Structure formats: structure tokens, C-alpha cells
Amino acid sequence: MGVHRKKKTVYTLSLIPVGGRSKPVTLLKGVPATFVIVFLLVLGLLVSLAGLVFFATPLHTVVPGSALPAHQKELVALQAKRVDSLIVEIENMQAFTQKVEGIMFQEKAMVQDEVSFGGGAGRRVYDAGIIPPPFSDGAVTPGKFTGRLVTGSISQRFKPKKSHYGVDIATARNEPVGAVTDGTVIFSDWTGTFGYTIIVDHGEYMTFYKHCSQLFKKGGEQVKLGEVIALAGDTGQESSGVHLHFEVWRNGIPVDPEAYLNFSM
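Oh and the sequence shown: position 120 is 119 in numbering that gives the first Met the number 0, straight run, nothing missing.
These are calculated hints, taken from the structure and not from any lab test. Being a predicted model, the structure only gives us computed values, none of them experimental. Even for Gly, the Cβ is constructed at its ideal location relative to N, Cα and C. Some clues are possibly wrong.
[To be verified] Below are the DSBU-like pairs computed for lysine-lysine, each with C-alpha atoms no more than 35 Å apart in a straight line:
hint : residue 1 : residue 2
1    : LYS161    : LYS80
2    : LYS80     : LYS217
3    : LYS161    : LYS223
4    : LYS217    : LYS160
[Said to hold, decoys possible] Pair ranges (Cβ atoms, derived):
hint : residue 1 : residue 2 : range
5    : ASP181    : LYS72     : 42 to 48 Å
6    : GLY218    : LEU74     : 41 to 47 Å
7    : HIS163    : ASP200    : 29 to 35 Å
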């Protein structure tokens with residue numbers, strides 16, 4: 000007696016073009032029904048996952064023709080403004096740095112002759128940094144600098160022909176250094192030649208304080224007359240001992256600081 004075997008049902012999966020203008024494309028032929036069902040389920044799942052990934056992540060934002068959400072457009076615009084602002088700030092800082100470097104390291108500046116004034120002999124001790132009205136064309140003008148600078152004695156004078164554009168005031172280490180008048184700090188940092196240096200802009204005048212051991216103000220900060228801005232030291236390659244190298248520049252030209260200093264015996 001023969002064994003009767005149940006015949007398996009098989010299917011053929013084909014793509015039939017609309018209108019019947021071309022022959023059907025057979026994808027699967029003679030496969031079990033279970034396989035066809037599983038294949039269709041897996042295909043549908045993959046399509047669903049692809050759509051979810053596309054719309055639920057930033058991927059759709061990089062595809063041409065895909066619109067950014069409103070909040071992302073605002074964020075992009077805000078970031079663009081910030082970048083523009085940073086570019087402007089960087090350009091301003093570069094221009095400012097070039098200006099400061101030009102002032103600090105000017106080699107062929109047109110310098111004024113040393114100002115001579117009565118009673119010069121014996122004026123070696125700096126009287127607590129009191130600065131009287133500056134000289135202008137041989138006449139005394141209303142006071143420009145009146146603040147405390149530092150206590151000490153002049154060890155080297157203004158010698159522009161030897162590229163010494165200020166005066167050296169010998170003083171104690173970490174002696175307080177004060178701003179000679181109100182102004183804005185335009186440079187406050189380390190330089191290899193002059194060590195810790197701070198430059199204050201007073202409008203027509205600029206004052207330089209070099210070879211400091213410590214700085215208390217940063218670029219852009221406002222300072223008041225007599226306010227301590229640094230401590231005296233001996234930093235930098237050009238320093239041969241503890242002192243304050245002090246310079247006064249008027250309209251971009253170094254002038255003799257002793258014309259603006261008051262001394263006592």
C-alpha cells in the first residue's frame with residue numbers, strides 16, 4: 000500500500016507592470032507560502048525603520064529639498080551671527096595688537112630732545128611718585144599726571160639715541176606700582192624682552208610700566224589715578240636688577256618722563 004504524501008503549496012512572487020505593457024518580473028518562484036509572508040514582513044519592517052531614522056534624526060536635514068524645522072533655522076541664524084561677531088572681534092584684536100607692537104618696538108621713532116628744567120642737580124630720589132603738570136613748549140600746562148607711581152631713585156635716564164625711551168627707577172622688589180592718572184589698560188602680558196608689561200592709554204598720552212613681577216589689571220580694564228596696577232620686579236631679558244622701567248608717549252612719540260616727574264632730595 001503506497002504512502003500518500005501531502006502536496007506542499009508553493010508561490011511565485013512577481014512584479015506586474017501597470018497596463019501590461021511589459022512582461023512581469025519574477026522575484027521568487029516556487030517558494031513556500033511561509034517564506035513569502037516572512038519576506039514581505041521583513042521588507043515592510045526595513046522600510047519602516049528607514050523612514051523612522053530619516054525623519055527622527057538630523058539625517059533629513061542634509062538631503063536636498065528637505066526643509067529645516069523652524070527652531071533649527073533660528074539656531075542656525077543665531078550661530079551665524081555669533082560667528083560674524085567673533086570674526087569682527089578677532090579683526091579688531093589683530094589691529095589693536097599691531098598698533099601696540101608698533102608702539103612698543105618702534106626703532107626709528109621721531110623722539111623729542113630731553114627736556115631740561117631747573118633744579119635738576121640732586122633730584123635723585125623719587126618723591127612717592129607725585130607727578131606735576133607736564134611741560135609743553137617750555138610752559139607749564141594744567142595737570143595731566145598727578146598720581147602715585149613708585150618710590151625709588153632714578154638709575155638710568157631717557158636716552159633715545161641709545162633706544163632707551165624711558166627712565167629706570169630702582170626700587171624694592173614687589174614695590175607697588177600705581178597708575179599715574181585715569182586711563183584704560185590696552186596691554187597687560189608677558190614679553191620676552193621687557194617681562195611683565197602693562198600699558199595704559201590716557202588719550203593724548205600713553206604710559207608704559209615694564210619689568211614688573213606681577214600684573215593686577217587686564218587689557219580693556221579701566222584704572223583710576225593712583226590705583227595699584229602692578230608690582231616692581233626684574234623680569235625680562237633687558238632687566239639687570241629690580242627696577243621699574245617707565246615710559247611716557249605723547250601722540251605716539253616717546254618723551255622724557257622726567258619732564259613729568261616730581262623729585263625731592
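Now the hints, each set against the structure:
1. LYS161 with LYS80: At roughly 50 Å apart (the allowed maximum being 35 Å), LYS80 and LYS161 break the hint.
2. LYS80 with LYS217: Satisfied, since the Cα-Cα distance of roughly 27 Å is no more than 35 Å.
3. LYS161 with LYS223: OK: LYS161 and LYS223 at ~33 Å, within 35 Å.
4. LYS217 with LYS160: Holds - the C-alpha atoms of LYS160 and LYS217 are around 32 Å apart, at most 35 Å.
5. ASP181 with LYS72: 42 to 48 Å: For ASP181 and LYS72 the Cβ distance comes to about 47 Å; the hint holds.
6. GLY218 with LEU74: 41 to 47 Å: violated (32 Å)
7. HIS163 with ASP200: 29 to 35 Å: violated (22 Å)
Hint compliance for this structure: hints 1, 6 and 7 are not met, and every other hint is.
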